[in-house]
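The whole structure should be built from the sequences, with the hints applied where relevant.
Chain by chain, the residues:
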Amino acid sequence: MLLRYRGSEGMVAWAFHRISGIAIWLFVMLHVLDIYLAGGDPGVYDDLLRFYASPLGRVLEVLLGAALLYHALNGIRILLMDFWPRLTAYHKHIWYANWAIFIVAGVPAAIIILKPIFGL
Amino acid sequence: MLLYSRSGRPRPQSGGFELFVWYYMRLSGVALFVLALIHFSVMHFVFDPSQEKSGWIFSERWNNVLLRSFDWLLLMMVITHAFLGIRTVTMDYLHGGRRTLALTALYLVGIVVFVMGTTVVLTVQIPGA
Amino acid sequence: MDHPFDAIVVGAGGAGLWAALELAREGVKTAVLTKLYPTRSHTGTAQGGVCAALGNLEEDRWDWHMFDTVKGGDYLVDQEAAEVLAHEAIETVIELEHMGLPFNRTPDGKIDQRRFGGHTRNFGEAPVRRACFAADRTGHMILQTLYQQCIKHGVQFFDEYQVVDLLFEGGEPEKGGRAAGVVAYRVADGQLHTFRGKAVLMATGGFGRMFRITSNAYSLTGDGVALCYRHGIPLEDMEFFQFHPTGIVGIGILLSEAARGEGGTLLNDKGERFMERYAPKLMELAPRDMVSRAMYQEIRAGRGIGGKDYLYLDVRHLGRKVIEEKLPDITEFARIYQGVEPLTEPVPVQPTAHYAMGGIPTNVFSEVVRDEKNTVVPGLFAAGECACVSVHGANRLGTNSLVDLLVFGRRAGRQMARYAGTVERPRPIDDAVEPIRARLDAIRSREATGESVATIRHELADVMMDKVGVYRDGELLTEALAKVRELKGRYSAVSIADCGAVFNTELLEANELGYLLDLAEVMAAGALARTESRGAHSREDFPERNDAKWLKHTLAYVSPKGPTLKYKPVSITRFEPKPRTY
Amino acid sequence: MNVDLRILRYDPEPPSVALAEGTPSAGVAAGTPSAGVAAGTPSAGAAELTGRPSTPPKPHWVTYQVEADPMDRVLDLLIKVKAEQDGSLSFRRSCGHGICGSDAMLINSRNRLACRIRVDQLGKKISVAPLPGLPVVKDLVVEMSGFFSKYRSVKPYLINDQPEPERERLQSAKDRARYDDTTKCILCAACTSSCPSFWARPEYVGPAAIVQAHRFIFDSRDEGAAERLEILADEDGVWRCRTIFNCVEACPRGINITRAILEVSGAIVGRRG
Ligand SMILES: Cc1cc2nc3c(=O)[nH]c(=O)nc-3n(C[C@H](O)[C@H](O)[C@H](O)COP(=O)(O)OP(=O)(O)OC[C@H]3O[C@@H](n4cnc5c(N)ncnc54)[C@H](O)[C@@H]3O)c2cc1C
Ligand code: HEM
Ligand code: SF4
Ligand code: F3S
Ligand code: FES
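Protein chains in written order, with my numbering: chain S, 1 to 120; chain Y, 1001 to 1129; chain Z, 2001 to 2582; chain P, 3001 to 3273.
Since the hints were made in silico from the structure, they are not lab data.
Heads up, the beta-carbon is just placed ideally off N, CA and C, and yes, glycines get one too.
Heads up, some of the hints might be wrong.
Computed cross-link-like contacts, EDC-like style, restricted to lysine to aspartate or glutamate with a CA-CA straight-line distance of at most 16 Å [said to hold, decoys possible]:
#, chain 1, residue 1, chain 2, residue 2
1, S, K92, P, E3249
2, Z, K2110, P, E3164
3, P, K3184, Z, D2136
4, P, K3184, Z, D2329
5, Z, K2152, P, D3222
6, Z, K2152, P, E3227
Derived, one-sided and incomplete: chain S residues facing chain P with beta-carbon distance under 10 Å [what the hints assert, rightly or not]:
#, residue
7, G10
8, W14
9, H17
10, I78
11, M81
12, D82
13, R86
14, L87
15, H93
This is the structure we're talking about:
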């Protein structure tokens, strides 16, 4: 159904919000687990940190950051409309504004995180 | 002249759990907006955790009660917000017995994660301190 | 399957719903049958407003309203009915407000009112604000509000049950039989059900679908009217059919009179405001029959736009604010259905078949009467557009139809409740469904070599539009009558592709076409006989109104050879016929 | 211009079924080829009509070539197909101009009224399917009773037990404007059946019912707001809305449905407004 129906910005916004929410959730569970293990065995933690430092780890981190940033911004978009329903008339505007912020804040951040991969 | 007009609207007696969830998702969302983004920034731009060794987290970050409370609060918010969120998703897509099963599993996992997280943040002793 | 009830309401437009509501309030066990979901009824399309002499903005009196109704109907109106209409309009509108209808409001919080064609102060002096309205969706709000109240009062609805026959006990009505119920076809699965009841109301709406260009819904096929006719009840004044001046070219969707009320003008190919020549005083706001005739004359004289069969409705000079705030509907329709931008372009319009003044004859209690002496058919009622209490006479005024629904729908409900308390429920009738089953099965099972429903329907629509339209004459009407009879002959061999039982709309359309053919024949025959011009019935060979000979209602009875015409007098209580000038 | 009209057809029954139980319909031989099977009719129709299928029929796409004017509406095309190519095509329609709410359907992957969307707005390839998320009865006809029972569940009528005044109740133009938008609803179901939350969870009361509730909750003459809010605060009430806005895009009446929903949830939360 979802794939058959041509929704607009609102539907895409929701789909991304849901997907990013689930993705972050999965990460958080792993994250709690790894820290827990680190508490018992510092060796495990070192392995983990090495993974984070690896190129793959960094790319995944960027994805996580993107998901978090998107989810946070869209969360705020939803909140704004929840508390001021008349803003629903501008939901697409807010959504595009979110993407502007996403790029302005996200691209430099991604560059910082990814720099080491390229030895910078 | 009597105009039929109300200033306030009577509220329903019981909002129920769903109302609570709705509200809580929004409040925790605001909190997370601040906490999670700070956390992510701190972890990546102030320090670079991947440059540190495991000793770092204990020696620098959790040496401070304030930072410990911060992390615990963040953890609470993330876990509750995320699990309630996943609960919504589950309830959307699963029905009947499978829903009950999935939700039970979800709550159990939630409790486990909560306990694990809290254990780490509150009870881990600083090695060598 | 047999369903015992006390009252049965056929049709869930404004008239049927209000009757059902009254019955429910009285605790009468009622079934409402409708071939559409109730909220799909055509009442929902009415835009302009509903008239009542509330006098919220300026002085107004119900007897002025009565006078306007009588004069607008070219004196063919039954005046005792018009009196009831104008008088009870006020309380029904107030009651609608109490039910929650969201009327527009005046600055001091009362129901707002606007001007409408033909409604005047002090017996014709000047226009008066009498039409109560809810933005440009008054009919929609009436339909919704009544449906809501029916839900509140627990009315039992049978949605998508199409009534296909009427049942009588003690013989057909002409033999003194009484109404005993109906047979309904459940659209979802093709099953036939009988509904028994002491009182049966016909509120099935109009039949404009016999014309090519019409503002009427596809579902307006005159079911109730034709069923009564087939059971020997005469039809009254069927030759009077209103053409609304401003329909969208080719499709007939209505652009409300409000467009002209707000100051829109009509232009011909030369850019002339031609109404100057036909109604110098009221111009575009003359009654609908007059404006439609003027438009036809222009088109015939070759002054249609580009020599074609339409003219322009121009609202450009009103400015964006007026157009967008007060005429959102016409702007919207013109944009969607014509691709025309009313802010910058004139809108092509042509007259569109709109409203049936005639129908099932009733008295002021909405009881169906079956002859010139007004003998009541026990237990049978009719209200709304399908009925003819004769409050509209030869031409209906804008907004008066909604009043008709409310006043006589309500009266029907009350009278039915009273009547139902006095008689026993009819006994089940053996084989009640057999005649209709045979008819439907015949259509379904016919060899697939016959003509299609669409072919016959198109030819009918063409002949009615071209020969029984705004202008008529003896020759055209004779041809039309012959053509309709030919079509009836061909109809008896019509065949369909769908022989299923589930949602077989083709079968239903075939059945409905039969109704339209019957009614078209009655209309053409009545029009041919009436050798005068009155209201919407305009004969070029008899251009004058002839009160001496024709101040009377037509009654058309069914017979194997076609309709037999008889006449009955008009009730005149207060206003003597006068020439109708505006 | 020539249009390829793809219709998702679903014929739920074998061709010859009696009009009422227990009555064999006289003379209908199963599989009688029908008049509609003439030039231009897709072959799928013929195959469908023979015999009693052993498995329940599945929805299938059938393409019709239709000669159309760019200003024609999809409803005109459907009527044309029914008249000229296959009379057994079923769909609902009544007013023909967007006010009765009969003919909402999925047209080129969006819910709209067939009588309000023109060929030139869609192009030469048009696909039409029944409203998503509702059980199909036949072809483009869906089962609406669930939709209407949700409508009924929110008490969609004025509740005010005060004695009625002699004349109209007074209401300021401002109070009247407060709920104007939601009085426009024609109950076409385009919104509810476009909502992913509803697809996922058919128990969700849906945007249309909330719109109808809003119309009364914010009417200054009504006193039933508390009862309705109680109903809508239920698990399957307003909380299921995830501000997806498909409903708003689909609404042929241009109602800002999401705003109405959020105003209702705001009223439940206790925010004034
Ligand atoms: C475009 C337009 C605009 C109009 N504007 C105005 C206006 O501004 N003011 C005004 O006063 N009037 C106006 N009118 C006229 C007025 O709207 C109608 O005359 C009136 O609504 C008719 O109402 P009704 O209750 O008689 O029937 P309808 O509302 O037509 O309802 C008929 C009912 O009967 C049911 N039905 C029909 N056949 C069967 C059957 N066989 N079995 C079961 N059920 C059946 C249908 O399902 C439906 O529920 C307008 C008309 C049109 C076309
Ligand atoms: C950073 C700031 C965050 C904000 C502002 C925020 C806000 C929100 C809001 C308002 C909702 C409700 C959406 C709705 O009802 O439609 C929501 C849902 C959700 N959130 Fe967050 N959130 C944030 C962070 C997180 C994090 C860190 C996680 C995961 C650990 C998360 C996981 C979820 C999930 C799984 C849902 C449910 C999604 C759905 O129902 O479609 N969120 N969030
Ligand atoms: S809100 Fe709009 S889309 Fe939904 S039922 Fe009403 S009119 Fe149709
Ligand atoms: S599409 Fe559905 S989720 Fe809400 S905004 Fe509309 S009801
Ligand atoms: S037919 Fe009435 S809305 Fe399309």
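Here's how the hints hold up against the structure:
1. K92(S) to E3249(P): Holds, at roughly 12 Å.
2. K2110(Z) to E3164(P): Roughly 15 Å separates the two Cα atoms, so the pair holds.
3. K3184(P) to D2136(Z): holds, 10 Å
4. K3184(P) to D2329(Z): The hint holds at about 12 Å.
5. K2152(Z) to D3222(P): Within the cut-off at roughly 14 Å; holds.
6. K2152(Z) to E3227(P): Measuring from Cα to Cα gives roughly 14 Å; hence the hint holds.
7. G10: With a minimum Cβ separation of about 3 Å from chain P (threshold 10 Å), the hint on G10(S) holds.
8. W14: holds, 5 Å
9. H17: holds, 8 Å
10. I78: With a closest approach of 6 Å, the I78(S) hint holds.
11. M81: holds, 6 Å
12. D82: For D82(S), the interface hint holds, since the closest Cβ of chain P sits about 6 Å away, which is under 10 Å.
13. R86: At 7 Å from the nearest chain P Cβ, R86(S) passes the 10 Å test, so the hint holds.
14. L87: holds, 9 Å
15. H93: violated, 13 Å
In summary, the structure is inconsistent with hint 15 from the numbered list given earlier, while agreeing with all the others.
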